[in-house]
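Peer 1: The listed protein sequences derive, respectively, from chains A and B. Numbering follows the numbering used here, in which position 320 of the first sequence is assigned residue number 320; successive positions increment by one, without gaps. For any residue, its number in the numbering used here is found by taking its place in the second sequence, counting from 1, and adding 347.
Hints are supplied without guarantee of correctness; some may be wrong.
Negatives, chain A to chain B, calculated, CB over 10 Å [said to hold, decoys possible]:
#1 HIS28
#2 GLN38
#3 PRO79
#4 LYS106
#5 GLU118
#6 GLU135
#7 LEU310
Computed from the model, here is a short list of chain B residues facing chain A with C-beta under 7 Å [unchecked claim]:
#8 ASP565
#9 PHE566
#10 GLY574
#11 ARG578
#12 ARG587
#13 PRO663
Since the hints were derived computationally from the structure, they do not count as laboratory data. Even for Gly, the Cβ is constructed at its ideal location relative to N, Cα and C.
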Amino acid sequence: MATDTSSQPEIPLTGGAAPDRKPLLRIHELHTQFETKQGTVRAVDGLSLDLYEGEVLGLVGESGCGKTMTALSIMGLLPGNGQAVAGEINFEGKNLLQCSGEEMKKIRGARIAMVFQEPMTALTPTMTIGRQISEAMEIHLALGREEARERALELLDHVGIPSPRARFDNYIHQFSGGMRQRVMIAIAFSCQPRLLLADEPTTALDVTVQAQILDLIKHLAQEAGMTALFITHDMGIVAGSCDRVAVMYAGRMVEIGPVDDVLLNPRHPYTQGLLGSVPSLESKPGDRLYSISGLPPDLVSLPTGCKFWLRCPLADDRCREDEPELEQYGQSQAACWKVMPPRDVAA
Amino acid sequence: MLAPTVIIVMLITFTLGYYGPIDPVRAVLGEEWEDEARYAEVKKALGLDRPFVIQFLDYMGTMFGGHWGQSLSAFGGVASDRAVGEGRGAGFSGTSTGVREMVLGRLAISAQLSFWALVFLTVFAILLGVLAAVKQNTTVDYAIVTSSIIASSIPAYVIGPVLLIIFVLKIPVFKTVGGWDGMFSRQAILPAIVLATGPMLVIVRQTRAGIVEVLGKDFVRTARAKGMPERLVVARHMLRTAMIPVLTSLGLVTSGLLTGSLFVEQIFNIPGIGKLAIQTLMSGDHPVFMGVVLFQALIIVTVNLLTDLLYGGLDPRVTYD
Ligand SMILES: Nc1ncnc2c1ncn2[C@@H]1O[C@H](COP(=O)(O)OP(=O)(O)O)[C@@H](O)[C@H]1O
Ligand code: SF4
Ligand SMILES: [Mg+2]
């Protein structure tokens with residue numbers, strides 16, 4: 001049975017989420033494009049994704065598959081030549097794509113916060129870190145400067161920055177990468193948002209620091225009962241931190257489900273390929289694990305059919321002509337012709 | 348750092364003055380200069396018969412001694428009236444003939460004028476530059492850049508008279524045509540505006556480029572992701588970084604304003620240092636002219652130093668130790 005999340009919103013496919021949960025964010029058929037000299041770049045191409053209250057959803061995929069642009073579409077902060085041209089992003093009763101600039105300013109930082117990938121460049125070099133934390137609270141929580149300062153000091157302490165009072169008036173060049181990311185996290189949590197978008201928050205950090213930062217985000221999100229979209233290309237992080245995982249390829253979703261299910265039982269050849277690089281899972285016997293060869297397709301001129309066929313060892317004529325849609329397999333969903341039970345001969 | 352720079356500047360200005368076209372003896376003597384005996388007598392009186400090195404050392408002594416020597420008008424004061432062209436003798440006007448008093452008195456006026464011009468520049472040119480950058484590639488942007496190009500390419504001696512015609516003759520906002528009546532008088536407004544138009548384009552362009560460069564930075568996106576109003580994003584997160592290159596230009600512009608208010612002072616008949624320079628050059632009042640030149644050189648050095656110090660204010664990574 002082919003199931004389309006868009007046409008049946010009343011019986012949504014939860015993609016492995018607990019059925020009693022309510023969606024906080026619903027992305028429906030999102031198309032985000034960039035106009036370039038080479039043509040239209042389809043960075044996000046018909047992505048649908050629900051985030052349920054309180055869950056941590058991992059969004060994975062190779063570099064360039066549209067993870068960051070998905071998050072920036074939610075925030076309404078796409079770069080100048082980019083635009084979410086079609087679809088809906090529903091959050092707290094509003095379609096974010098239709099919100100005015102003023103409405104978005106009330107949502108950004110206050111209801112949805114984002115932690116960026118690059119702690120080296122994502123903070124203002126000419127402003128004290130204390131002010132960078134406190135200024136958003138002055139706007140969103142209507143705090144006075146002194147109150148905001150006190151709260152910022154508490155936050156600095158809470159995210160594990162030693163002697164916050166001394167550090168408040170420091171500039172970021174006086175901080176290490178890990179410390180900067182702690183400041184970013186303090187900013188993100190400062191106004192108690194409902195939704196956290198963390199875009200590869202540990203990718204740029206030393207391996208030793210990565211785990212600490214990850215734990216910090218997990219701890220704070222849990223403490224605040226926050227919903228989080230955790231963008232990463234590291235399956236290890238997904239295994240340790242997320243409830244569900246969504247796999248993106250060429251701007252679309254190819255697999256989604258509970259982490260345990262997807263990691264142990266990847267249905268999509270692309271997911272299997274991504275997992276091929278995780279050593280602990282490689283030992284599992286009888287699996288068709290392999291590393292993906294080749295490059296992702298050109299987003300200006302996408303191939304017909306399944307967007308993965310150029311690199312897929314199982315591709316056949318049908319794959320080259322018709323694009324598979326997401327379908328339910330057990331607790332998860334995948335978009336691949338070869339995992340449909342009657343045709344799943346190659347497995 | 349300052350002392351060697353000053354000595355080098357003094358050596359250069361002195362050498363230029365020594366070999367330059369002004370003959371102080373002739374300036375003092377006027378038509379009498381062809382009388383060889385008188386010429387030699389005055390030359391000796393002025394100490395100009397001594398060797399270059401001695402004269403230079405003497406000059407340095409006078410300068411570091413702090414009184415900077417005397418105007419030639421102190422030596423009889425006859426010649427001044429016979430000096431060439433208009434504005435003659437103006438260098439000798441006033442009660443004092445001390446170079447220091449003359450230069451400092453005039454400089455105060457030029458400094459006040461330049462101060463206003465700098466205020467106009469920092470307020471309007473930076474504001475326009477920011478606006479052009481934020482409205483990048485729109486009509487607003489083009490209008491701002493184009494009008495700055497126009498404003499800066501029309502020379503002061505054209506804009507000045509035009510403004511005078513408009514605001515004094517046609518719409519009499521200002522009663523008097525020129526002169527100086529203190530920095531808080533109405534007369535200061537027009538010359539300050541004219542003085543500011545020249546460097547306008549540089550500052551508008553620099554500011555625009557600075558902001559445009561910062562616009563796409565990650566930290567600006569972070570500020571927006573916090574839901575900060577655009578006005579605060581610009582003021583708090585972009586301006587300081589964008590101002591770092593602008594500061595360099597502002598430093599150059601400031602020394603330019605102080606030393607180059609020549610035309611403006613001439614047009615508006617303001618007794619500033621620019622006017623003093625022209626007058627003393629015309630009348631051949633060598634010691635005063637030398638004082639002006641040296642002082643202007645010193646201003647440039649000082650402003651550059653101040654600019655360096657201000658970098659520290661803008662860029663927290665700069666430290667002085
Ligand atoms: N400003 C831009 N102009 C054109 N294409 C862009 C721009 N920004 C991103 N893209 C394209 O969008 C695609 C998705 O990018 P992104 O979401 O950043 O990927 P990732 O999954 O690594 O976060 C990439 O292939 C990239 O080439
Ligand atoms: S649909 Fe075909 S080409 Fe695409 S992933 Fe499945 S098997 Fe491979
Ligand atoms: Mg990315």
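Peer 1: Run through the hints listed earlier and report the numbers of any the structure violates, in increasing order.
Peer 2: Failing hints, ascending: 3, 4, 5, 6 and 11.
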